[in-house]
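There are 2 protein chains.
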Amino acid sequence: MYQGLIKRYREWLPVTEQTPVISLFEGSTPLLPMPRLAAAISPHIALYAKFEGMNPTGSFKDRGMTLAVSHACQEGRTVLMCASTGNTSASAAAYAARAGMQCVVLIPGGKIALGKLSQAIVHGAKVLAIEGNFDEALRLVREICAEFPIALVNSVNPMRLQGQKTVAFEVVDDLGDAPDYHAMPVGNAGNITAAWMGYSEYHAAGKSASMPVMLGFQAAGAAPLVHGKPVLQPETVATAIRIGNPASWQGAVRAKEESGGLIDCVTDAEILEAYAMLPALEGVFAEPACAAPVAGLKKLAAQGFFNKPCSVVVTLTGHGLKDPDTAMQSAASPLVAVAASRDAVLQAMGFCA
Amino acid sequence: MYQGLIKRYREWLPVTEQTPVISLFEGSTPLLPMPRLAAAISPHIALYAKFEGMNPTGSFKDRGMTLAVSHACQEGRTVLMCASTGNTSASAAAYAARAGMQCVVLIPGGKIALGKLSQAIVHGAKVLAIEGNFDEALRLVREICAEFPIALVNSVNPMRLQGQKTVAFEVVDDLGDAPDYHAMPVGNAGNITAAWMGYSEYHAAGKSASMPVMLGFQAAGAAPLVHGKPVLQPETVATAIRIGNPASWQGAVRAKEESGGLIDCVTDAEILEAYAMLPALEGVFAEPACAAPVAGLKKLAAQGFFNKPCSVVVTLTGHGLKDPDTAMQSAASPLVAVAASRDAVLQAMGFCA
Chain E
1 MYQGLIKRYR EWLPVTEQTP VISLFEGSTP LLPMPRLAAA ISPHIALYAK FEGMNPTGSF
61 KDRGMTLAVS HACQEGRTVL MCASTGNTSA SAAAYAARAG MQCVVLIPGG KIALGKLSQA
121 IVHGAKVLAI EGNFDEALRL VREICAEFPI ALVNSVNPMR LQGQKTVAFE VVDDLGDAPD
181 YHAMPVGNAG NITAAWMGYS EYHAAGKSAS MPVMLGFQAA GAAPLVHGKP VLQPETVATA
241 IRIGNPASWQ GAVRAKEESG GLIDCVTDAE ILEAYAMLPA LEGVFAEPAC AAPVAGLKKL
301 AAQGFFNKPC SVVVTLTGHG LKDPDTAMQS AASPLVAVAA SRDAVLQAMG FCA
Chain Z
354 MYQGLIKRYR EWLPVTEQTP VISLFEGSTP LLPMPRLAAA ISPHIALYAK FEGMNPTGSF
414 KDRGMTLAVS HACQEGRTVL MCASTGNTSA SAAAYAARAG MQCVVLIPGG KIALGKLSQA
474 IVHGAKVLAI EGNFDEALRL VREICAEFPI ALVNSVNPMR LQGQKTVAFE VVDDLGDAPD
534 YHAMPVGNAG NITAAWMGYS EYHAAGKSAS MPVMLGFQAA GAAPLVHGKP VLQPETVATA
594 IRIGNPASWQ GAVRAKEESG GLIDCVTDAE ILEAYAMLPA LEGVFAEPAC AAPVAGLKKL
654 AAQGFFNKPC SVVVTLTGHG LKDPDTAMQS AASPLVAVAA SRDAVLQAMG FCA
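Protein chains in written order, with our numbering: chain E, 1 to 353; chain Z, 354 to 706.
Incorrect hints may appear among the rest.
Unchecked claim - Label pairs and their calculated CB-CB ranges:
1. E:Glu75 with Z:Glu611: 45 to 55 Å
2. E:Ala39 with Z:Glu611: 40 to 50 Å
3. Z:Glu500 with E:Leu335: 17 to 27 Å
4. Z:Phe704 with E:Glu257: 36 to 46 Å
5. E:Glu147 with Z:Pro396: 40 to 50 Å
6. Z:Gly559 with E:Pro20: 33 to 43 Å
7. Z:Glu588 with E:Ala337: 15 to 25 Å
8. E:Glu257 with Z:Pro396: 53 to 63 Å
9. E:Leu335 with Z:Ala690: 29 to 39 Å
10. E:Ala205 with Z:Ala690: 44 to 54 Å
To be verified - Residues from chain E that face chain Z, not an exhaustive set, calculated with beta carbons under 8 Å:
11. Leu32
12. Ser118
13. Gln119
14. Val122
15. Gly124
16. Lys126
17. Leu128
18. Leu321
19. Pro324
20. Ala327
21. Ala331
22. Ala340
23. Arg342
24. Val345
25. Ala348
26. Phe351
Stated by the list, open to error - Some chain E residues flagged as far from chain Z (calculated, every beta-carbon gap over 10 Å):
27. Lys7
28. Glu17
29. Gly76
30. Asp180
31. Gly206
32. Lys207
33. Ser210
34. Val213
35. Gly228
36. Gln233
37. Asn245
38. Val253
39. Gly261
Hints in this document: simulated from the structure, not taken from any laboratory. All C-beta atoms, glycine included, are put in the ideal place defined by N, C-alpha and C.
From just these sequences and the hints, can you work out the full model?
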């Protein structure tokens, strides 16, 4: 019986027998072959989606949260706090509820996906909308957690990245080795940092023969790592990566450099195009941020990047249900109202009535 | 590497080597211990949630859909059709996309959860809103599929229940035997019919020593099985079980009678109370319909039903992200807007600034 990633990868994680395991049975997400999407990108790639939307709260954040909250519990904390564009708050609130702890979430004012907000609220978190952006929210959280005995569960908490690194273990365990490339969206940069840590540890221990080239993609309006400097007013439809000053900046640069990879950006128009391709071609509904690496792979392929057969894993960080509004706005085919009769339905289907 | 329920339970399913497997790696959902929720219900129960919201499209419907669409594909169909209150349409549309098939969905006018509708649309289904209820939509689908070479993928398609029965296999495989009780929401009644089929087959083959008592719960405003006659205008906040004339009526009655169980109903007020308990006590966010069996267990416990130690599995049919609007409306703590300053945040948290 599967019981979550701490139990599965205990020997690779900083836990002891005294650590209470706070788990919603996260991890062990599907690695789905994506043949139609691959064909639309490049004839050379064998493409797999690591669908992190299938974690309990619908995003990869649960991997780090199980470890961060278990540790906070072990340390006797009773209150958690985080800044979030949505996914972290949903995960923190859920794991806090599971542990019987309180949770305070600071979210930036303005764009936050409806689904994510509803999660933090139903799990009983106190949600404070700050008149400022993510970076300001995180600064406030750090200040308050330094002053009070509150567990900070943003990815500046090293337990978060420790849990998130397990995604690399699972990919290697499923494929039998590392893929040639691993592409993912880059916002706060914890994900690419953690995945590279996981690949590095597994490789050092002889669990994989190779390491992937890491490909990170930001949104053009929120691309500090591409421009080499923070973005004061980040803007993008992909709310999960609307971050101007990533907490794991150095980790992302290290992942790029050590793997011989790159961090590039794609426009919102490219993101929305890729966002529509995934569910229509493969039946997988991921949140807008997940479309950034898909759009990025298309962009690289058009530049001749994939010129021989290779395996590519793309992390789909969150479920599309997190953001139904963007889905409805982007939809090509709207809802059609018809009378409850055979002829009316056949006509609407384009069949002769 | 896990590759979905047809591969896992192939010998128990009506598939051949010629059946193309159309899968999104559904099934093998978590069986989560729910100690806090159990304590709030009865001192005698060991409670587990079978969290079917962790299927790829966020509901248990994916179990039946992988089999129904694989069969439709084998038979050379290129168009799928279904009537749906939401979850079936989301699943049908996703598996149609995965198979490269067209999908037509008839939904009843009025209440449909936003998340579910967004799924059908992003997966490219043609969604027709019928000026009528679910039962009228299903009647039209049956009429049209009988006339044209279109695969009907509602649960009147026997492949649907064949796939759905695997939930019982997984529960037995995880627990080592059947639980004492299995509680679930009852709408179109396919789920309780299929689960009982699965328990019966596993037991007959010696895979379990016992069989569970089946406990089905309808919403008071949509309780045809409780009243023993169809409900013409079913109404409930739990849109997934807003059905007045269940397709699997006989199967539900059989499950109840053969297992010595019951089918009861709970009010919308009881549903909304239980709906709020799950995410707040256990960190699990399920759609409103899932709260019906939780409320039902509370009701039975208050009547002295559980008077000795027993194991209870409750099926949580879909993810709460399917219906963010109901979540926001039901939320006790609304969003609080605060200035981006330490003092303002501390004050909002209830800490001295």
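Tell me the numbers of any earlier hints that the structure contravenes, in ascending order.
none
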